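Q: Here is how the chains run, residue by residue.
There are 2 protein chains.
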Amino acid sequence: MHVPLDHHSRTPVYLQIKQAVLEAIREGRLAPGARLPATREWARQLGVNRSTVAMAYDELLADGVVESFVGRGTFVARQKLAEVARLDERAARRTPARKMVWEGMFSERAQSPVVESLLDLYQVSTLRDVISFSGSFPDAASFPTREFRNSLHFAERTLGDEIYRYGPVAGYERLREYLAQRMRESGSEVTAENIIVTSGSQQALDLIARALISPGDTVAIENPTYPGAMTAFALAGARLLPIPVDEDGLCVDVLENVLKVQRPKLVYVVPSFQNPTGACLSWERRRRLLALAREHNLPIVEDDYGSHLRFDGDALPHLKALDDTEHVIYVSNFSKSLLPGLRIGWCAAARPVIARLTAFKQNNDITTSPLLQAALWDFCRRKRYEAHLEKIRPIYRARRDLMLRRLAEDFPAETVWTQPAGGLFLWVTLPPSLDATELLYQVRQQGVVFSRGRLFYSDNPKRNTLRLSYGHVTLEQIERGMRVIGTTAKAMLGRATGRTAERFHSHTVPLV
Amino acid sequence: MHVPLDHHSRTPVYLQIKQAVLEAIREGRLAPGARLPATREWARQLGVNRSTVAMAYDELLADGVVESFVGRGTFVARQKLAEVARLDERAARRTPARKMVWEGMFSERAQSPVVESLLDLYQVSTLRDVISFSGSFPDAASFPTREFRNSLHFAERTLGDEIYRYGPVAGYERLREYLAQRMRESGSEVTAENIIVTSGSQQALDLIARALISPGDTVAIENPTYPGAMTAFALAGARLLPIPVDEDGLCVDVLENVLKVQRPKLVYVVPSFQNPTGACLSWERRRRLLALAREHNLPIVEDDYGSHLRFDGDALPHLKALDDTEHVIYVSNFSKSLLPGLRIGWCAAARPVIARLTAFKQNNDITTSPLLQAALWDFCRRKRYEAHLEKIRPIYRARRDLMLRRLAEDFPAETVWTQPAGGLFLWVTLPPSLDATELLYQVRQQGVVFSRGRLFYSDNPKRNTLRLSYGHVTLEQIERGMRVIGTTAKAMLGRATGRTAERFHSHTVPLV
Numbered sequence: 055m056h057v058p059l060d061h062h063s064r065t066p067v068y069l070q071i072k073q074a075v076l077e078a079i080r081e082g083r084l085a086p087g088a089r090l091p092a093t094r095e096w097a098r099q100l101g102v103n104r105s106t107v108a109m110a111y112d113e114l115l116a117d118g119v120v121e122s123f124v125g126r127g128t129f130v131a132r133q134k135l136a137e138v139a140r141l142d143e144r145a146a147r148r149t150p151a152r153k154m155v156w157e158g159m160f161s162e163r164a165q166s167p168v169v170e171s172l173l174d175l176y177q178v179s180t181l182r183d184v185i186s187f188s189g190s191f192p193d194a195a196s197f198p199t200r201e202f203r204n205s206l207h208f209a210e211r212t213l214g215d216e217i218y219r220y221g222p223v224a225g226y227e228r229l230r231e232y233l234a235q236r237m238r239e240s241g242s243e244v245t246a247e248n249i250i251v252t253s254g255s256q257q258a259l260d261l262i263a264r265a266l267i268s269p270g271d272t273v274a275i276e277n278p279t280y281p282g283a284m285t286a287f288a289l290a291g292a293r294l295l296p297i298p299v300d301e302d303g304l305c306v307d308v309l310e311n312v313l314k315v316q317r318p319k320l321v322y323v324v325p326s327f328q329n330p331t332g333a334c335l336s337w338e339r340r341r342r343l344l345a346l347a348r349e350h351n352l353p354i355v356e357d358d359y360g361s362h363l364r365f366d367g368d369a370l371p372h373l374k375a376l377d378d379t380e381h382v383i384y385v386s387n388f389s390k391s392l393l394p395g396l397r398i399g400w401c402a403a404a405r406p407v408i409a410r411l412t413a414f415k416q417n418n419d420i421t422t423s424p425l426l427q428a429a430l431w432d433f434c435r436r437k438r439y440e441a442h443l444e445k446i447r448p449i450y451r452a453r454r455d456l457m458l459r460r461l462a463e464d465f466p467a468e469t470v471w472t473q474p475a476g477g478l479f480l481w482v483t484l485p486p487s488l489d490a491t492e493l494l495y496q497v498r499q500q501g502v503v504f505s506r507g508r509l510f511y512s513d514n515p516k517r518n519t520l521r522l523s524y525g526h527v528t529l530e531q532i533e534r535g536m537r538v539i540g541t542t543a544k545a546m547l548g549r550a551t552g553r554t555a556e557r558f559h560s561h562t563v564p565l566v
Numbered sequence: 055m056h057v058p059l060d061h062h063s064r065t066p067v068y069l070q071i072k073q074a075v076l077e078a079i080r081e082g083r084l085a086p087g088a089r090l091p092a093t094r095e096w097a098r099q100l101g102v103n104r105s106t107v108a109m110a111y112d113e114l115l116a117d118g119v120v121e122s123f124v125g126r127g128t129f130v131a132r133q134k135l136a137e138v139a140r141l142d143e144r145a146a147r148r149t150p151a152r153k154m155v156w157e158g159m160f161s162e163r164a165q166s167p168v169v170e171s172l173l174d175l176y177q178v179s180t181l182r183d184v185i186s187f188s189g190s191f192p193d194a195a196s197f198p199t200r201e202f203r204n205s206l207h208f209a210e211r212t213l214g215d216e217i218y219r220y221g222p223v224a225g226y227e228r229l230r231e232y233l234a235q236r237m238r239e240s241g242s243e244v245t246a247e248n249i250i251v252t253s254g255s256q257q258a259l260d261l262i263a264r265a266l267i268s269p270g271d272t273v274a275i276e277n278p279t280y281p282g283a284m285t286a287f288a289l290a291g292a293r294l295l296p297i298p299v300d301e302d303g304l305c306v307d308v309l310e311n312v313l314k315v316q317r318p319k320l321v322y323v324v325p326s327f328q329n330p331t332g333a334c335l336s337w338e339r340r341r342r343l344l345a346l347a348r349e350h351n352l353p354i355v356e357d358d359y360g361s362h363l364r365f366d367g368d369a370l371p372h373l374k375a376l377d378d379t380e381h382v383i384y385v386s387n388f389s390k391s392l393l394p395g396l397r398i399g400w401c402a403a404a405r406p407v408i409a410r411l412t413a414f415k416q417n418n419d420i421t422t423s424p425l426l427q428a429a430l431w432d433f434c435r436r437k438r439y440e441a442h443l444e445k446i447r448p449i450y451r452a453r454r455d456l457m458l459r460r461l462a463e464d465f466p467a468e469t470v471w472t473q474p475a476g477g478l479f480l481w482v483t484l485p486p487s488l489d490a491t492e493l494l495y496q497v498r499q500q501g502v503v504f505s506r507g508r509l510f511y512s513d514n515p516k517r518n519t520l521r522l523s524y525g526h527v528t529l530e531q532i533e534r535g536m537r538v539i540g541t542t543a544k545a546m547l548g549r550a551t552g553r554t555a556e557r558f559h560s561h562t563v564p565l566v
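Sequences listed follow chains A and B, in order.
Residue numbering for the first sequence follows my numbering, starting at 55 and increasing by one per position.
Residue numbering for the second sequence follows my numbering, starting at 55 and increasing by one per position.
Hints are computed from structural coordinates only; laboratory data are not their basis.
Remember, predicted model here, so these are calculated numbers, not experimental data.
Please note: incorrect hints may appear among the correct ones.
[Stated by the list, open to error] Heads up, simulated DSSO-like pairs for lysine-lysine below, C-alpha to C-alpha not over 30 Å straight-line:
1. A:LYS544 <-> A:LYS314
2. B:LYS516 <-> B:LYS314
3. A:LYS153 <-> B:LYS153
4. A:LYS544 <-> A:LYS516
5. B:LYS516 <-> B:LYS544
6. B:LYS153 <-> A:LYS314
[What the hints assert, rightly or not] Derived, one-sided and incomplete: chain B residues facing chain A with beta-carbon distance under 7 Å:
7. ARG83
8. THR106
9. TRP156
10. ALA265
11. LEU393
12. ILE420
13. VAL470
All residues carry an ideal CB built from backbone N, CA and C; glycine is no exception.
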């Protein structure tokens, strides 16, 4: 029997032989009961190892397509022919065996409610057909794709094969130098040795959680706060200790009182344009928070996703810039201010911390793509990043202004909201009788979505809150979308609150 | 006092004011005891908020550079001037406070010996000045940089801003489709829904470990095996259960006996060109391993870093290709066969597994760069990946052949070694009296390095073993480097074994 073998095919040779036999059976060239060639003989004819033919026969045997009798040889089976004719090779390959039972096989941490909530998110909505105040995405229309192209070309044309190798775990050296230099300019005492480049802020938070949190440790967080931080700390085994937030950011006085009776392992804070409220931690509270950290030997994780997105007023110092005692672990990224798809962030901290994060990063993904790090470095040193920030700040300011106008004009009278001086979102508190989940259900049917406030709370969620992101909506979309939300909220206020909220399925809406 | 403020500078305005005051003091324009302007008055002159000036004064006060008297105002201090003149602004900014004590602040898992070993690796050796048989890196001289450039350009020019946004957590859809198609061609029953794209294999292993392993669970692994898998499972809390490896790969009969008395959570296996031995799991053992998995409801993690790097003989089926019962979690990547710097790998498994891995990936780094995923997809669909594999296989075969010749000619008589049919390395067992650590110490002084075998054992390390990688050495380097190792080993055999091994510091040599 002739088999046209292709040794360069991705289909293994033994499978090619098996398929040829199946084909011959289907086409009637091999009848039920027909004897197959002896393995040794056929292997010689085909120019393959005898074991390769034996493997093909094993497969056919396992599928019940052939039968083997010791001392007599291998024969086409009489029973299975109808099936073989009906089914394709893959399905016919083997009689059904016991399927793996995955239920109960996952780890304890995989069963945490945190993972359940992430499972709901399994598929990120593309959101192309709706006006989305959800997520915290930067404006894609402003992406400096042409300028970044030049840096990408520079990196891959002039830096040689280095950028396609495994790079240093802690990051591309020149990018680390740049980041340290940039941080020194805003007052932080850091060198490249204090920097680790990460695959976005989220990886930095995950590495920090794994390096610092033992199961049962407590982490003080703002309530509400960024859900990605909650999942990172919770999955490392932390109990979350919620501290309230007001218009000046984290309520440091509450933290101070808590510290008299509890000993959290660290405090996580978003000082600039807090996620989700948009609040800025006041100067006074920054100093006080650092004093507390020194008093209690308490590490502070400073998540600075957006201080460079300030469009009103003067910058406040980073906690890291006030920190000459190495209490602050600073985290930032290029995802909100430049290009999320680069997946590049960084962390600046004391060297013992960086050493641990580097070890955990090695275990996690070895390194972040040196190609993208090198391109980003080139982009930054050509001052394109500064230029991009100059370009987008007024865009976000104009959107924020329009958001505030629409809130004042379209929303129910008792609504209150924050007025962020930068960042990508603001925080709205509706009249207490309104439920943001029900509101979302209703506006979604009109093609508008937002993030429900409850997703940001670790404790005591306020159901009448919502986060409205203006990062990736146009002024026209803001006009229309805010009118839809405001009008719908007003209409809901006028009616008795129904039970429609139950019909809303959270997994159809992105978390943040 | 004139201060040339720059509101667009990265230096916050309050720091600019502070620096102007310090400069004025240093230059004598402000003498000790001189009164500073009132905050309100100066803020009006400078056109900034009063609080900004107050922040600058706060800083100066904290540094002891000025003194404040209620009702009288703020004055240049008389004491600190010499210091101010000597120190720069940053150092003078604040009197030293209690430094953070990081000792004892790290998590339990950060104190595991695994992390200690990774900390030793903190800085990856660049290895440019040595002949390195260490690491398992592909040949950089063969990188298809020009061909990949075209795909990079295609992706960023024609796919729009999509590739710079956050992409789907589970991966760029077209790449998932391609990977599923490719796997189907080699016999696996998978669709894109069974695939998650990861930042290299290492991330896949880390996610698998976190999704499946609870602290105290047992993981059966080959002994010796890939250290990155050991760290991933150990850091998730696993106890490692070593199963021996011989020339046919994992000793499945030993595993079978173990399963009679123990219940591991999963078994991790590298069936093709096992790391570090280069052994190939036999056809018979593959079937037997799957039968055991079915019998015990035991997941198999199949690490296929290199079956596509086969240069001798016919391909054996992937475990995943034999698995129609969803027991196999298949892991592979493009790091050994294409470009490590892309940091792209993938995992194929049952959908409940993929759902959990996706949740953990969302928590870990949200997504792998869509730009690089899209470029890789384009590269693959143009058949460049196949072409690249065709190109590099003979290169590695020639190197392997030369390695074998040199082993036969240059090494001590009792030396034995594996003869891999593919992959990037082989495994050498020296005469029992030789210690690979001492050998490494001696050859390193002659500009040659390799990986000591002991790094790959979870138990009972054989000190006379070494892994020799030929992935990124030229034929000339093999000639010279192998001669150095062989000659040095022979010389050591002739001498009494000294205690020089103690002088060797492991952190100067890469782990794998």
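Q: For each hint, tell me whether it holds in the structure or not.
A: Hints, verified against the model:
Restraint check for LYS544 of chain A and LYS314 of chain A: not satisfied, since their Cα atoms lie roughly 45 Å apart, outside the 30 Å limit. At most 30 Å may separate the alpha-carbon atoms for a hinted pair to count; LYS516 of chain B and LYS314 of chain B meet this at roughly 27 Å. A distance of roughly 57 Å separates the Cα atoms of LYS153 of chain A and LYS153 of chain B; the hinted pair therefore is violated under the 30 Å criterion. Simply put, LYS544 of chain A and LYS516 of chain A have alpha-carbon atoms about 19 Å apart, close enough for the 30 Å limit, and the pair holds.
Taken as a hint, the LYS516 of chain B and LYS544 of chain B pair is honoured in the structure, with Cα atoms around 19 Å apart against an allowance of 30 Å. Annotation: proposed proximity of LYS153 of chain B to LYS314 of chain A holds, straight-line Cα distance about 21 Å (limit 30 Å). Interface restraint check: ARG83 of chain B against chain A, minimum CB-CB distance 23 Å, threshold 7 Å, status violated. Interface hint status for THR106 of chain B: upheld, as the beta-carbon distance to the closest one in chain A is roughly 5 Å, under 7 Å.
For TRP156 of chain B, the interface hint holds, the least distance from its beta-carbon to any beta-carbon of chain A being 4 Å, beneath 7 Å. Among the interface hints, the one on ALA265 of chain B holds; its C-beta lies about 5 Å from the nearest C-beta in chain A, closer than the 7 Å criterion. A cut of 7 Å between beta carbons decides the hint on LEU393 of chain B: the least distance to chain A is about 4 Å, and the hint holds. With a least beta-carbon distance of about 5 Å to chain A, the hint placing ILE420 of chain B at the interface is held under the 7 Å criterion.
Interface hint at VAL470 of chain B: violated, since its Cβ lies 24 Å from the closest Cβ of chain A, which is beyond the 7 Å cut-off.
Of the numbered hints given earlier, the model fails hints 1, 3, 7, 13; all others are met.
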